[in-house]
Structures are given as C-alpha cells and as structure tokens.
Amino acid sequence: MRFRKLATIALTGAVIAPLLAACGSSGDSKNEIKIAYQRSTDNNSRIMDNFLAGVKKQFEKANPGKTVKLIPIQATENDYYTKLDLMMKSPRTAPDLAYEDTFLINSDIKAGFLRPIDAQVKSWDQWSQFQDAAKESVTGQDGKVYGVPDGTDTRGIWYDKQVFAKAGLPANWEPKSWNDLLSAARQIKKKVPGVTPMNLYTGKAGGEASSMQGFEMLLYGTADQLYNPQEKKWVVGSKGFQDSMNFLKTVYSTGLGPKPSQALDANISTNVNTDWFPNAKIGFSIDGSWTANNWISTGPKPWKDWTTNIGWTAMPTQNGQAPGKTSMSGGWSWAITKNAKNPTLAWKFVTAMQTEKNAVTYDNAAQNIAVRKDVAADPKYQNSSPTVKFFTDLVAVTHYRPAYAEYPKVSTAIQEQMEAVTTGTSSPAKASADYDKSVADIVGNNTTKDSGPAK
Amino acid sequence: MRGRTILRGLPLLPAVVLLLVFLAGPIIYCIYYAFTDMQLTGATTTNFVGLANFRKAFGDDQFYNAILQTLIFTVLSAIVGQNILGLVIALLFRLATKVLRSIVGALVIAAWVVPEIVAGYLMYAFFRDEGSLNEILKFLHLPQQNWLYTLPILAVSLANVWRGTAFSMLVYSAALAEVPAELTEAAAMDGAGVWQRFWHVTVPTIRRSVATNLMLITLQTLSVFGLIFAMTKGGPSNKSTTLPIYTYQTALQNYEIGYGTAMALVLLVIGALFSLVYLRALRPEAD
Numbered sequence: 001m002r003f004r005k006l007a008t009i010a011l012t013g014a015v016i017a018p019l020l021a022a023c024g025s026s027g028d029s030k031n032e033i034k035i036a037y038q039r040s041t042d043n044n045s046r047i048m049d050n051f052l053a054g055v056k057k058q059f060e061k062a063n064p065g066k067t068v069k070l071i072p073i074q075a076t077e078n079d080y081y082t083k084l085d086l087m088m089k090s091p092r093t094a095p096d097l098a099y100e101d102t103f104l105i106n107s108d109i110k111a112g113f114l115r116p117i118d119a120q121v122k123s124w125d126q127w128s129q130f131q132d133a134a135k136e137s138v139t140g141q142d143g144k145v146y147g148v149p150d151g152t153d154t155r156g157i158w159y160d161k162q163v164f165a166k167a168g169l170p171a172n173w174e175p176k177s178w179n180d181l182l183s184a185a186r187q188i189k190k191k192v193p194g195v196t197p198m199n200l201y202t203g204k205a206g207g208e209a210s211s212m213q214g215f216e217m218l219l220y221g222t223a224d225q226l227y228n229p230q231e232k233k234w235v236v237g238s239k240g241f242q243d244s245m246n247f248l249k250t251v252y253s254t255g256l257g258p259k260p261s262q263a264l265d266a267n268i269s270t271n272v273n274t275d276w277f278p279n280a281k282i283g284f285s286i287d288g289s290w291t292a293n294n295w296i297s298t299g300p301k302p303w304k305d306w307t308t309n310i311g312w313t314a315m316p317t318q319n320g321q322a323p324g325k326t327s328m329s330g331g332w333s334w335a336i337t338k339n340a341k342n343p344t345l346a347w348k349f350v351t352a353m354q355t356e357k358n359a360v361t362y363d364n365a366a367q368n369i370a371v372r373k374d375v376a377a378d379p380k381y382q383n384s385s386p387t388v389k390f391f392t393d394l395v396a397v398t399h400y401r402p403a404y405a406e407y408p409k410v411s412t413a414i415q416e417q418m419e420a421v422t423t424g425t426s427s428p429a430k431a432s433a434d435y436d437k438s439v440a441d442i443v444g445n446n447t448t449k450d451s452g453p454a455k
Numbered sequence: 001m002r003g004r005t006i007l008r009g010l011p012l013l014p015a016v017v018l019l020l021v022f023l024a025g026p027i028i029y030c031i032y033y034a035f036t037d038m039q040l041t042g043a044t045t046t047n048f049v050g051l052a053n054f055r056k057a058f059g060d061d062q063f064y065n066a067i068l069q070t071l072i073f074t075v076l077s078a079i080v081g082q083n084i085l086g087l088v089i090a091l092l093f094r095l096a097t098k099v100l101r102s103i104v105g106a107l108v109i110a111a112w113v114v115p116e117i118v119a120g121y122l123m124y125a126f127f128r129d130e131g132s133l134n135e136i137l138k139f140l141h142l143p144q145q146n147w148l149y150t151l152p153i154l155a156v157s158l159a160n161v162w163r164g165t166a167f168s169m170l171v172y173s174a175a176l177a178e179v180p181a182e183l184t185e186a187a188a189m190d191g192a193g194v195w196q197r198f199w200h201v202t203v204p205t206i207r208r209s210v211a212t213n214l215m216l217i218t219l220q221t222l223s224v225f226g227l228i229f230a231m232t233k234g235g236p237s238n239k240s241t242t243l244p245i246y247t248y249q250t251a252l253q254n255y256e257i258g259y260g261t262a263m264a265l266v267l268l269v270i271g272a273l274f275s276l277v278y279l280r281a282l283r284p285e286a287d
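Top to bottom, those sequences are chains A and V. Throughout the first sequence, residue numbering follows the numbering used here, covering 1 to 455 in sequence. Throughout the second sequence, residue numbering follows the numbering used here, covering 1 to 287 in sequence.
These are calculated hints, taken from the structure and not from any lab test. Every residue gets a Cβ at the ideal spot worked out from N, C-alpha and C, and that includes glycine. Treat the hints with care, as some may be off.
[To be verified] In the DSS-like style, the derived pairs of lysine-lysine whose C-alpha atoms are separated by at most 30 Å in a straight line are:
1) A:110 with V:56
2) A:259 with V:138
3) A:83 with V:56
4) A:83 with A:69
5) A:66 with A:122
[Stated by the list, open to error] Where chain A lies over chain V, by a calculated footprint (3+ residues, C-beta under 8 Å):
6) 42-54
7) 106-115
8) 224-237
Isolated chain A, as found in the complex (with noise of 0.2 Å):
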C-alpha cells in the first residue's frame, strides 16, 4: 500500500513537473537582455526595429559575449500598450528595457512595472542634454527619474496648396481662430465640390488619435484645460470643453468634415494620408509632425511632390489669443522595468542607444522632435526634412497630456462623447454633461469646477 501511495505522488509529481517548469522562463542568462518596443502594423515601416537592429550590433561588438534580444510587438497603440502591461505585469515575461509611452509612465510606475534610475542619470554625462520638459515628462509624481525620452511630437495643421488655390485660399495660409478655421472649410466645400473641406479626427475608431489630434487641439486652444495641477483635480463643467464640443458639432453637422460614417472607420488615419491627401481630395487636417512620414521614399504612400503640394501651419488658439498657436505633445522613453533580470547591462544598453549620433539617426529616420539640445542644433537634424524646424518651434507652445493613472479612461470618455456629437446622437451640452459625470465616476470625488490656468 505504501509503495502504490509513495508510486502515486512520485507519478503525479513527475507529472506536474513539467508543466510547472515549461511555464517558467527558461534560457534565462545573465548575459542576455530583452528589448520590448512596438513594431508598426504598417509591414513598410520598420524604423524602430532598423534603428535598434543597429544598435544591437555596435553594442554586441563593444561588449563581447553578451547578446540583446528584440521583442517587437505588431500592435496598434492601444494595442501595444495592452500587450506591454501584460509582459510587465509577470516576472517570467518582463522585459529588461520597454518602450514606453510617456503619457502611460505614472500608471505604470504606479503599477509598480518600473524601476526609478535617478543614480544611473546622475552620472551619466549626457543627461545635460535633454531639454528639461523632457525630464520632466519621465519623472513620476514621486519626483524620481524612470525613463530617457528619445524624442517628442508635435501637433499642427497640414493642408493641400492646389485644393486652396482653387478655393481662393492663401498659399501661405496662417489661421488666426477657430472661425478661420471654419471660414476657410465653408469656401472649400462651396468652391471645390468633392472635396472634404477639413479633417478633426473624432470618436472611439480613431482611438487617442480622436482625443488628442482632435479634441485636446481644441481644448487647449480655450481658456481651459483638462486637469487643474495647483489643484490637482480634473477639471469638469468647463466653457472650453463645450465650446470644443461645439466646434466639432459645427464641423460634422454642416458637412465640412469627413461624412461621420468616413470619419467613424477605424482607417480614417490611414485613408487620409495615403488616399486623400496624395489625390488632393480634402483640404485640411489636423495631425502629427510626423504626417510627411506617409509620403517619403521609406513610407507606405511615396509621394514625391509632397514639399510642394502640402503646406503645414500651427493650430490657433479659440479666438487668436496669446500665445496665438497651441500644440499637443506627446513621447516615447527608454524604462528599465522593475522585473528585469539584467538591469544594469539594460542601462549599458540605453547609453549605448542614446549617444548623439545615434540620436541624430533615429530622430531624422522616425521624423522625430528632438529632445536633446545638442540634437536639435546639428544641422544633418535640421535639414533633416522641410517640416522639421517649423515643429521643433511648437515646442515652445504645446501641452503634454495629464500622465496620470486616470488619463486613459478619461480618453475614452472623450471619445465616446465627440462619436455622440459627430452621430448627432448629443448635443454639445448633454455631451459636455456625460463628460463631467463620466469624468467624476473615473476619478472620484477628485474634480473641480475650475480649470488650471493656461501654460
């Protein structure tokens, strides 16, 4: 009897074993480091995985018998972040160095995924280079340093030449307000029919493309903002938000947008860059500095006479007051995680990646806003594409989301409330209204009624 018992649990267990151990990690070395990063869905964008293959062959060479290891994740945005958190999440799947968006930085820190490096930059010599907003972008609300930022993006208005010499429109078009905005819309669509006049990305398809290319654009172009940081609370019941919401209404209820229907496909992105823009079918749209990425020799739509059929100006404030143009930013940094198994090789890597040089090349590859001051002066950075200056001067007048913990859902409801607008589902107000209450049910009794006052 002892011996089946004994027979029994020697069985099970050397059954059980290795399942156990199949889900551990195995071929773990102290020599190795993982790099997790987001791969494009676009199968001709490689630029991140072209830039790090690179750097993994200069830093395998420098440092002989250790190896690096590149974890692209084929994801869209959402997606990727999703994909990453769930690495983190386990010690088994974490990676030694993650791409992280800035915005995300706080939850994730929050989350405990990340590790503070605040000694690591301390002594590193390059660290006097980054422009101090992007510092702080990567310092979480503890005060402590978690990540090095690799460059931004800026947010501006990028419209057709041909489309706005036939609408009698300026070439050298400088919007002073929203009602320029909407001016040069209305003359579009009664000039050159079969155009769409503008585009304002809007609603959940478009993703944080909708809350911050198209909503957050407006937002901080009005008096208000989305979180009060002297106070530190959201801000609900604001004039902005509705008079945001209003010009959205404005723009799809007349007909001065993309048809709701275009505008609500989850490829909307991807339709105006590489269809519209290139067959002169719309007149404007608010988008990223890196837009022109679509129409160089290296991306998904070639397009040769890009630099002289587009022009780009800055997004302007409500009704043209100070600073007269706004802009959104965003980010991407370097982290350690808090699971990583080689955190110290990790750090190698990142000095590794974040030289000059190596700046210069990724930055002008990604079409990148530099972050470093010495980037930003080379000229091979400069001349790097026409567009390049002109948003590197945004810099001085954009915003950076709220990075908190909260931000992402309070996206969505952003989201949910311009689908509603776009639909005609809402109006303005009831939607401004389901903002404040969504807003309230995210973030608790953390609201105010009073906006922050503008950068």
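With the hints as your guide, set chain V onto chain A.
Just chain V now, with coordinates in the frame of chain A:
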C-alpha cells in the same frame, strides 16, 4: 481493492492534471478576479471588493446596451439565421443532384474554414461604404446603404450567418440521413403533404439534433469577437458592441481587469440560461 482502483485510474492522471491546470485553473482565476478591483496598470494592489463590479455593471447603461446587442446578434445570426438556413440547405440537399450538392457544400464550408479574423476583413470589404455589396446594388440600380454605419448589428449578423451556416448544415444533413425513409413514405401514403410530413415526421425525429445544434451555435455566437472587431470595432456609437467587445474594451483598453471579468462571468450565465431553455424546450420526452 481501493489501491487497485487508484492505480487503474493512474493513466488518466496526466489528462486530469492538464484539465485542472489549463482549463479549471483559468476559470477559477477568472471567477476570483470578477470579485476584485484588479487593474492592468495604475495600481499595485488587488483588493477583494465583493459584488461591487456586478453592482457597477447593472448600473451602467453601456452594459445593458451590450447585453441587448448580444441578444440581437445571437437571435438574428444563430437562432434564426444559421439554424434555419442550415436546415433549409440540408433539406434542399436531399433533392439536389450530386454535382450541385458538392458545389454548394464546398462554398458553404469554405466560409466556415476561413479563420474568423480573415472572414471579418472579407466582410468588412463586402459591407463597407465603397464595398462590393454597394457596387452590386449600384449595378442593379438599387439604393445603396452604408451598412456598417447605419445598421452595424445587422451587417455583423449577416456576416456571422455567412460564416457559421455550414456547421448547422452539416449537423442537419447528418440528422436528416437518420430519418427512416419508411416513416416519411408511410406518412405520404396516409396523405400527408410535404409540409405536414416535415412538421410531424421529420422535425420530431431530428429534435435532439435541433437541440444540440441550437445549443452549440448559440454558445459559439455569444462569444464571437474577431468578426465584429474587424468589421466595426463595436461602433459606431456602440451600436454593435456586444458583451465580448465591451469586455475587451473594459479589461484591456480601460485596464479594468476585475470589472471586465465580471462581465465575462455574466456572459457565461447568459450562455447557461440559453442552454437551460433549449434543454427544457426540446427534451425528447416533452411530447
């Protein structure tokens, strides 16, 4: 004696362990998460919150909307669409020539073997504004419609009918082959018409298959995700947001894993309710 039985059961052990680890484990975890405030990011600790997630769900308009869309989708595409169409095709098959049978059969099954996500993109291309369906309607001088925008739930339901009918067709073909020919012949001799023969002879005979089929396709349809996600992402304005889509949005886009799993649990209950109804309504001895 007892020892011997244990030893005899031993070869089953690996299977049991596998089931426990990979099936029961995740389900139990899921049930546990549904009662916690677990998040994907933004919080380190996970607390037990009792029924809070369910209370939140039942106070959430979007959750009710998701249940409604799920029911519409299931009734339209599975219970009515796949079920009846599958039966009709199976019946017609018995009259058709062998060649016709293989051609139609191949076409229907082709839709079934295509991976769900591929089917989703195919149907997106078919129903979209400038898609094939509208091109056909234009050619026929019929009014066009932006299906994915005006009637998204109908579009995804039709897509699901297209994709899933093969399964019902196969089940019914097998069942109809089992109906004894003498029975229908006898009924015909007694003067029963086609409809009467079908209703009073065929249906009672294949009743068990009907129940099995309904149960399987309902459970399958309740959890359809890829098809709807590829076609509409649940939009516009949540008009095609079924429970699986809403669960995904909540758990993986808003990072509220606890709340999301609570919804998944509700979906499980809905599936169980459907199964109960079928089992009761179509009990063989219920006549």
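Consistency of the hints with the structure:
1. A:110 with V:56: Since the Cα atoms of residue 110 of chain A and residue 56 of chain V sit roughly 24 Å apart, the hinted pair holds (cutoff 30 Å).
2. A:259 with V:138: 20 Å, holds
3. A:83 with V:56: It holds: about 26 Å lies between the C-alpha atoms, which stays within 30 Å.
4. A:83 with A:69: 17 Å, holds
5. A:66 with A:122: 25 Å, holds
6. 42-54: Held - the segment 42-54 of chain V has 3 residues with a Cβ nearer than 8 Å to chain A, which meets the minimum of three.
7. 106-115: violated (count 0)
8. 224-237: holds (count 5)
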